[in-house]
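Peer 1: The lines below spell out each chain.
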Amino acid sequence: MATVTFDNATRQYPGNPVPSVDKLNIEIADGEFLVLVGPSGCGKSTSLRMLAGLEEVNGGRILIGDRDVTNLSPKDRDVAMVFQNYALYPHMTVADNMGFALKIAGVDKAEIRKRVEEAAKILDLTPYLDRKPKALSGGQRQRVAMGRAIVRSPQVFLMDEPLSNLDAKLRVQTRTQIASLQRRLGVTTVYVTHDQVEAMTMGDRVAVLKDGILQQCDSPRRMYDHPANVFVAGFIGSPAMNLMNVAVTDGGVDLHGHTVPISREDLSGVGKDVTLGVRPEDLELSSDQSGIPVTVDVVEELGADAYIYGSTEQKLLEATGENAGAVPFIARVDGRRPPEKGEKIYLKPKAGHVHVFNSESGLRVGD
Amino acid sequence: MTLEITTARPESALLDLPWSTPLEEWPESHLAALPRGISRHVVRFVKLGPRVLAVKEIKDDIADREYAMLRSLRRLDVPCVEPFGVVHGRTTADGEPLDACLITRHLQFSLPYRALYSQNLRPDTAVRLMDALAVLLVRLHLEGFWWGDVSLSNTLFRRDAGAFAAYLVDAETGELHSRLSDGQREHDLDIARVNIAGELMDLAAGGFLEEHADPFEVSASIIERYHTLWHALTGTERFEAGDRWRVDERIRRLNELGFDVDELSITTDIGGTEIVITPKVVDAGHHSRRLLRLTGLDVGENQARRLLNDLDAYAAATDRQGDDEEIVAHDWLAKIYEPVTRAVPRELTGRLEPAEIFHEVLEHRWYMSERAGHDTPIEDALRDYVQTVLPAKPEEKAVLGVDTEEMPVISRFD
Numbered sequence: 001m002a003t004v005t006f007d008n009a010t011r012q013y014p015g016n017p018v019p020s021v022d023k024l025n026i027e028i029a030d031g032e033f034l035v036l037v038g039p040s041g042c043g044k045s046t047s048l049r050m051l052a053g054l055e056e057v058n059g060g061r062i063l064i065g066d067r068d069v070t071n072l073s074p075k076d077r078d079v080a081m082v083f084q085n086y087a088l089y090p091h092m093t094v095a096d097n098m099g100f101a102l103k104i105a106g107v108d109k110a111e112i113r114k115r116v117e118e119a120a121k122i123l124d125l126t127p128y129l130d131r132k133p134k135a136l137s138g139g140q141r142q143r144v145a146m147g148r149a150i151v152r153s154p155q156v157f158l159m160d161e162p163l164s165n166l167d168a169k170l171r172v173q174t175r176t177q178i179a180s181l182q183r184r185l186g187v188t189t190v191y192v193t194h195d196q197v198e199a200m201t202m203g204d205r206v207a208v209l210k211d212g213i214l215q216q217c218d219s220p221r222r223m224y225d226h227p228a229n230v231f232v233a234g235f236i237g238s239p240a241m242n243l244m245n246v247a248v249t250d251g252g253v254d255l256h257g258h259t260v261p262i263s264r265e266d267l268s269g270v271g272k273d274v275t276l277g278v279r280p281e282d283l284e285l286s287s288d289q290s291g292i293p294v295t296v297d298v299v300e301e302l303g304a305d306a307y308i309y310g311s312t313e314q315k316l317l318e319a320t321g322e323n324a325g326a327v328p329f330i331a332r333v334d335g336r337r338p339p340e341k342g343e344k345i346y347l348k349p350k351a352g353h354v355h356v357f358n359s360e361s362g363l364r365v366g367d
Numbered sequence: 001m002t003l004e005i006t007t008a009r010p011e012s013a014l015l016d017l018p019w020s021t022p023l024e025e026w027p028e029s030h031l032a033a034l035p036r037g038i039s040r041h042v043v044r045f046v047k048l049g050p051r052v053l054a055v056k057e058i059k060d061d062i063a064d065r066e067y068a069m070l071r072s073l074r075r076l077d078v079p080c081v082e083p084f085g086v087v088h089g090r091t092t093a094d095g096e097p098l099d100a101c102l103i104t105r106h107l108q109f110s111l112p113y114r115a116l117y118s119q120n121l122r123p124d125t126a127v128r129l130m131d132a133l134a135v136l137l138v139r140l141h142l143e144g145f146w147w148g149d150v151s152l153s154n155t156l157f158r159r160d161a162g163a164f165a166a167y168l169v170d171a172e173t174g175e176l177h178s179r180l181s182d183g184q185r186e187h188d189l190d191i192a193r194v195n196i197a198g199e200l201m202d203l204a205a206g207g208f209l210e211e212h213a214d215p216f217e218v219s220a221s222i223i224e225r226y227h228t229l230w231h232a233l234t235g236t237e238r239f240e241a242g243d244r245w246r247v248d249e250r251i252r253r254l255n256e257l258g259f260d261v262d263e264l265s266i267t268t269d270i271g272g273t274e275i276v277i278t279p280k281v282v283d284a285g286h287h288s289r290r291l292l293r294l295t296g297l298d299v300g301e302n303q304a305r306r307l308l309n310d311l312d313a314y315a316a317a318t319d320r321q322g323d324d325e326e327i328v329a330h331d332w333l334a335k336i337y338e339p340v341t342r343a344v345p346r347e348l349t350g351r352l353e354p355a356e357i358f359h360e361v362l363e364h365r366w367y368m369s370e371r372a373g374h375d376t377p378i379e380d381a382l383r384d385y386v387q388t389v390l391p392a393k394p395e396e397k398a399v400l401g402v403d404t405e406e407m408p409v410i411s412r413f414d
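Each protein sequence line maps, in turn, to chains U and Y.
Residue numbering for the first sequence is 1 to 367, as defined by this note's numbering.
Residue numbering for the second sequence is 1 to 414, as defined by this note's numbering.
Because the hints were derived from the structure by calculation, they are not lab data.
Note that the Cβ used here is the ideal one computed from N, Cα and C, for glycine as well.
Check each hint, because a few of them may be wrong.
Partial selection, computed: residues in chain Y whose CB lies under 10 Å from chain U [said to hold, decoys possible]:
no.	residue
1	D149
2	S153
3	A163
4	Y167
5	R179
6	I191
7	A204
8	A205
9	G207
10	E210
11	F239
12	G272
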C-alpha cells in the first residue's frame with residue numbers, strides 16, 4: 001500500500017496547442033479511494049493512464065509512496081488496472097482462475113494458495129475454491145474476477161469506468177460492492193468516471209477536472225457544500241444547482257424584494273453583479289411575493305418531496321456535465337402540498353444556503 | 001421504440017431476424033451453431049441467406065463504438081472481422097427494452113483457437129499461433145491501435161501456407177491513437193501474456209494441450225517475437241557512408257518479412273561519414289499485394305509468397321524470365337494454378353481455401369518427388385493429394401467454435 005502523488009504532472013500530445021492534463025497536483029493518502037470525475041475530454045482518463053504508465057508525462061512527476069515512477073514501465077509500478085475484461089476459464093478451478101496470474105509472476109505455490117485463500121475469504125468464495133466456474137452463480141463469477149485483481153496485492157488499484165457496460169440497476173449494486181471491498185482491503189484506489197453520482201457515492205475524495213485542469217479536490221460533502229467555482233457548482237449535484245447572475249446592491253443581492261445578505265468584505269472584490277447559486281433543496285416558498293418569481297411547468301411528485309421545474313425572468317446560467325442542456329429553474333418543495341402546473345410562485349433561498357461566485361472569474365466568494 | 005438498423009450492406013432479410021427476443025433465446029432455426037465460446041456477452045452465429053453472421057448483444061453505446069472502430073480498422077487495412085451492422089431500439093413483445101446487437105460477418109475458413117486444439121495438431125501449433133498473433137499486434141500498434149484485451153479468444157486464425165494469419169475479432173476495449181507510447185504497447189503485451197497463459201492453462205486443464213507445451217513459456221514467447229519484429233520494422237540503423245548497400249539491404253529484409261517501406265528517413269551526420277536510417281511508414285502485405293497485382297488473387301501473405309515462388313519457378317522452367325511479368329503470371333494462373341484448384345471435387349471445396357490447397361499440393365509434390373527420387377509432375381501430385389490427403393481433412397469453411405460454456409462475467413448478477 002502506498003500514497004500517490006501527482007506533482008505538477010503534465011501531458012501534452014504532439015501537435016496539440018494545449019496540454020490534455022495541465023500541472024496536476026493531487027496527494028492521495030494511503031488507503032484512500034479517490035475518484036477523478038469530469039465531462040468527456042477533461043483529462044481524467046489521461047491522468048489515470050499517466051499514473052499507470054500508459055501515457056508519457058511531459059512535465060512534473062508522479063510518485064507512488066516515495067518512489068518516483070514517472071519513467072517506469074507499467075509493470076514495474078506495482079499498480080493494477082482492475083476488471084476491465086476478465087475472462088473466466090471453464091476447465092480451471094475457482095482457485096486457479098484467481099491465482100494463475102501470480103504463477104506467471106513467479107510467485108511460489110504456497111504463497112499463491114495463501115493469497116487466494118485470503119481473497120476468497122473477503123469475497124465469500126471459500127467454499128467454492130475447488131469448483132469450476134460453471135457451478136457458480138453470476139454474482140459469484142463476478143467476484144472471482146475481482147479476486148484475480150486482489151490476489152496481486154498491488155500498491156494501487158486503478159479503475160477506468162469499470163461500470164460503463166452495466167445496466168443502471170447492476171451499476172448501483174456493483175458500485176456498492178466495489179466501494180465496500182475497497183474499504184475492507186484498504187488499498188489506495190484511483191477511480192475514473194464521468195458520472196458525478198458515482199463519484200460522490202464512492203469516493204473518500206473527489207477530484208473534478210475540466211479542460212485538463214483540476215477544479216477542486218475535496219470530500220463529497222465539502223464539494224457539495226463548498227464548490228470552489230461555478231463549474232463545480234453546476235457539475236456536482238443532481239438535480240443541478242440553480243445558477244443566476246444578479247446585480248449587487250448594498251449589503252447583498254436583491255431578489256425581487258428579498259435581500260440575500262453578503263458581507264461587505266466578500267463583495268469588495270466583485271464587480272456590479274455576481275453569480276448566485278442555490279440548490280433545489282435550499283429553496284422555500286415565499287409567502288409575501290418577494291424572492292424569485294417562477295412559473296411552474298412540471299411537477300414531479302416523489303412522495304415526501306416534489307420537484308418543480310419552472311421558468312423565470314431571472315437569467316439562468318447553463319449547468320455543466322450531464323446537467324447541461326435545458327436550464328429550468330428547479331426547486332424541491334413539500335410533497336404533500338406541491339404547487340400546481342401553471343401556477344406562479346415566489347421562492348427564497350434558505351438563510352445561509354447560497355453560494356456566491358465572482359461573475360467574471362467564476363471563483364467562489366467567501367466561505 | 002422503433003427498430004433502427006445501421007448497416008453498410010442493406011439486406012432486407014435482416015428484418016426477418018427475431019430482434020424482439022433476447023439473443024440467448026433465439027430459436028435454433030435461425031442459428032448456425034449452438035451458443036459457443038467464452039464471452040462476457042452473448043454471441044450467436046446466425047444464418048442469413050448464403051452468409052453466416054456473428055451477433056453480439058451489448059449496450060447501445062458500446063455497440064456503436066465497436067462498429068465504428070471495426071470500420072476504422074478495416075479502412076486502415078488491418079486484418080479484422082468485417083462489421084456488418086448495428087441494431088438499436090429492440091424491445092420485447094411486452095415493451096421491455098433490449099440491448100443493441102453488433103453484427104459482424106463470419107470470416108470464412110477462419111478457426112477459433114479452441115477448434116484448432118480439438119484437432120490433431122502439429123506439435124508446434126502454439127508457437128505458430130504466437131507468431132501470427134505477434135504479427136497482428138505489431139500491425140495494430142503500427143497503426144496506433146491499443147487493443148486492451150489481447151487474447152487467443154479475441155482472435156481468429158486462418159491457415160496461411162503452413163503458418164497462420166491472425167485476425168482481430170473483438171475491438172470492444174480498443175482505442176485508436178495517432179501513435180502509441182511505449183507504455184501502451186508494453187501494457188498490451190502484458191495483457192496478452194496473462195490472457196494467453198490463462199487460455200493455454202485452461203486447455204491443459206481440459207486435456208487439450210500437447211503435453212510438452214508449457215503455457216508460461218509459450219505465452220512469454222509472444223513478447224520476444226513481438227519485440228524482434230517491432231525492432232526490425234522500426235529500429236534505427238547506423239553505418240559508415242561507404243556502406244550504402246545497407247539501405248537496400250534493410251528494405252530487402254523488410255520485404256522478406258512481408259512489409260513494404262513507404263517512407264524511410266535517411267540522415268547523415270555533419271561530416272557526412274555516418275548514415276542513419278529509420279523506417280517511418282511500413283505496410284504489411286508485400287507479397288500479397290504483388291500477387292494481387294499480377295494475378296488478381298487475394299490470399300494470405302505466406303500463401304502469396306509461396307505462389308510467387310511457384311510463379312518464379314514456372315518462369316524459369318519455361319525459360320521466360322525475360323518476358324513481361326504480368327503476361328507470365330497470366331499464363332501461370334491459367335495453366336498451373338487454376339487447373340489445380342479447379343480439380344478439387346465440389347464436395348471437398350469446403351475443406352481448405354483454394355490457395356491453401358495449392359500450397360498443400362506443392363508440399364505433397366515435394367514429398368512424392370523425394371520418395372520417388374525424381375520430379376513428380378504436378379498433375380500426378382494433385383491426383384494423389386485429392387484421393388488420399390484432402391478427404392481426411394476436416395471441413396473448415398465455417399467452423400464456428402467448439403463446445404464451450406458461455407461465461408458472462410460482468411453482464412449478469414445474482
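Peer 1: Let me know if the C-beta of G272 of chain Y comes in closer than 10 Å to any C-beta of chain U, holds or violated.
Peer 2: The hint is violated - G272 of chain Y has no Cβ within 10 Å of chain U, the shortest such distance being about 30 Å.
Peer 1: Can you verify the interface hint for S153 of chain Y: is its Cβ closer than 10 Å to any Cβ in chain U?
Peer 2: S153 of chain Y check passes; min Cβ-Cβ to chain U is 7 Å, inside 10 Å.
Peer 1: Interface hint check: I191 of chain Y, Cβ to nearest Cβ on chain U, cutoff 10 Å. Holds or violated?
Peer 2: Holds, about 9 Å.
Peer 1: Is the shortest C-beta separation between R179 of chain Y and chain U less than 10 Å?
Peer 2: Check passed: Cβ of R179 of chain Y comes within 8 Å of chain U, closer than 10 Å.
Peer 1: Have a go at the Y167 of chain Y hint: is there a Cβ in chain U nearer than 10 Å to its own Cβ?
Peer 2: Since chain U brings no Cβ nearer than about 19 Å to Y167 of chain Y, farther than 10 Å, the hint is violated.
Peer 1: Holds or violated: the hint that F239 of chain Y contacts chain U, with Cβ atoms closer than 10 Å.
Peer 2: Check failed: Cβ of F239 of chain Y comes no nearer than 29 Å to chain U, outside 10 Å.
Peer 1: Given A205 of chain Y was flagged as interface, is its beta-carbon under 10 Å from a beta-carbon of chain U?
Peer 2: A205 of chain Y check passes; min Cβ-Cβ to chain U is 4 Å, inside 10 Å.
Peer 1: Given A204 of chain Y was flagged as interface, is its beta-carbon under 10 Å from a beta-carbon of chain U?
Peer 2: 8 Å, holds
Peer 1: Take the shortest C-beta to C-beta distance between A163 of chain Y and chain U; is it under 10 Å?
Peer 2: Result: violated, 26 Å to nearest chain U Cβ.
Peer 1: Holds or violated: is the Cβ of E210 of chain Y closer than 10 Å to a Cβ in chain U?
Peer 2: Status violated, d = 16 Å.
Peer 1: Once the shortest beta carbon distance from D149 of chain Y to chain U is found, is it less than 10 Å?
Peer 2: 5 Å, holds
Peer 1: Answer holds if the nearest beta-carbon of chain U is closer than 10 Å to that of G207 of chain Y; otherwise answer violated.
Peer 2: At about 8 Å, which falls below the 10 Å cut-off, the nearest Cβ of chain U leaves the hint on G207 of chain Y intact, so it holds.
Checked against the numbered hints listed earlier, the structure breaks hints 3, 4, 10, 11, 12; every other hint is satisfied.
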